[in-house]
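Novice: Take the given structure of chain A and dock chain B to it, following the hints.
Number of protein chains: 2
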Amino acid sequence: MIRFKRILVTIDGSTQSMKAADYAINIAQKYDSELIALHVLYSKTGFAFHSETATGLITPSSINELKEQAKEEAEKWFGEIIKKCADKNIQVKTEAIIAPISIVEAIISYSEKENVDLIVTGGRGRSAFKKLILGSSASGIVTYAHCPVMIVK
Amino acid sequence: MIRFKRILVTIDGSTQSMKAADYAINIAQKYDSELIALHVLYSKTGFAFHSETATGLITPSSINELKEQAKEEAEKWFGEIIKKCADKNIQVKTEAIIAPISIVEAIISYSEKENVDLIVTGGRGRSAFKKLILGSSASGIVTYAHCPVMIVK
Numbered sequence: 002m003i004r005f006k007r008i009l010v011t012i013d014g015s016t017q018s019m020k021a022a023d024y025a026i027n028i029a030q031k032y033d034s035e036l037i038a039l040h041v042l043y044s045k046t047g048f049a050f051h052s053e054t055a056t057g058l059i060t061p062s063s064i065n066e067l068k069e070q071a072k073e074e075a076e077k078w079f080g081e082i083i084k085k086c087a088d089k090n091i092q093v094k095t096e097a098i099i100a101p102i103s104i105v106e107a108i109i110s111y112s113e114k115e116n117v118d119l120i121v122t123g124g125r126g127r128s129a130f131k132k133l134i135l136g137s138s139a140s141g142i143v144t145y146a147h148c149p150v151m152i153v154k
Numbered sequence: 002m003i004r005f006k007r008i009l010v011t012i013d014g015s016t017q018s019m020k021a022a023d024y025a026i027n028i029a030q031k032y033d034s035e036l037i038a039l040h041v042l043y044s045k046t047g048f049a050f051h052s053e054t055a056t057g058l059i060t061p062s063s064i065n066e067l068k069e070q071a072k073e074e075a076e077k078w079f080g081e082i083i084k085k086c087a088d089k090n091i092q093v094k095t096e097a098i099i100a101p102i103s104i105v106e107a108i109i110s111y112s113e114k115e116n117v118d119l120i121v122t123g124g125r126g127r128s129a130f131k132k133l134i135l136g137s138s139a140s141g142i143v144t145y146a147h148c149p150v151m152i153v154k
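As given, the protein sequences belong to chains A and B, one line each in that order.
According to this note's numbering, the first sequence is numbered sequentially starting from 2.
According to this note's numbering, the second sequence is numbered sequentially starting from 2.
One chain only, chain A, in its complex shape (with noise of 0.2 Å):
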């Protein structure tokens, strides 16, 4: 059967971005799931993490430092997908993370750790040539998901 009980939605502070929160929240509504807003923050300095091989070794300080970054970059945008959601009585979880590989990767692991039943994600507008190019984290959330993804533009 099939049912969305948690959504994921990429927070990026862009229009698109919120505008899939609003089809996001608007999801989470009618079937009653719970929302995950997530802002990730990518970082190549955080990649010495992992390789040790960059700038050096990064301390779990500074690793917390990166992810308040994040927290304080994001935290305009989750009080307004917070607000809206308390309004319409959704249970709503905000999370900043940190990427040190790629951005793709970072939200493909974290849908997965996380099980959740739709990825929504805001894809670029289209150019006055009616073209359009699709931006590269939609179109590789689409690629390596394991979950149905919208793409909201």
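It is possible that part of the hints are untrue.
Note: identical chains are not told apart, hence a pair may lie in one copy or across any two.
Stated by the list, open to error - Derived DSSO-like pairs: lysine-lysine, alpha-carbon spacing no greater than 27 Å straight-line: (1) Lys31 / Lys68; (2) Lys94 / Lys77; (3) Lys68 / Lys85.
Quick caveat, the hints were computed from the structure, so don't treat them as lab data.
Specialist: Same frame as chain A, but now just chain B:
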């Protein structure tokens, strides 16, 4: 306000496309939407109808023949979808069309003409290496659609 008044699902007989239909039916029920199940038959021959440069000018009767062929091909798939929609009291329209240029172009044009609010389409599954080759149709639809697109795997 977000509403899915008309949902388009693309059908090609693959397992993924029938799974996409199940998702589309589920969402249509939640949103009280009208569902359109679309099968597109790609026909190079049909191109002659537009360009007159290919294998000769196509007559209206041969276009009709092609359409009949597409309908016949889709009959079994459409039947299943119609039955499921009837059980759930969902209004459904089935359509088989010819793509003289490309399948993606035909789906995009159709979705604009019919003013759909959501396109649901199947993507290919994961390979043993957890990589995935997204169907080229799915990728094209995501790229050019005027509305949100849900990729079901």
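Novice: Indicate, hint by hint, whether the structure satisfies it.
Specialist: Structure-based check of each hint:
1. Lys31 / Lys68: Classified as neither; 32 Å inside a copy, 38 Å across copies.
2. Lys94 / Lys77: Result: close within a single copy only, 15 Å intra versus 43 Å inter.
3. Lys68 / Lys85: Answer is within: at 24 Å inside a copy they meet the 27 Å cutoff, but 47 Å across does not.
Checked against the numbered hints above, the structure breaks only hint 1 and satisfies the rest.
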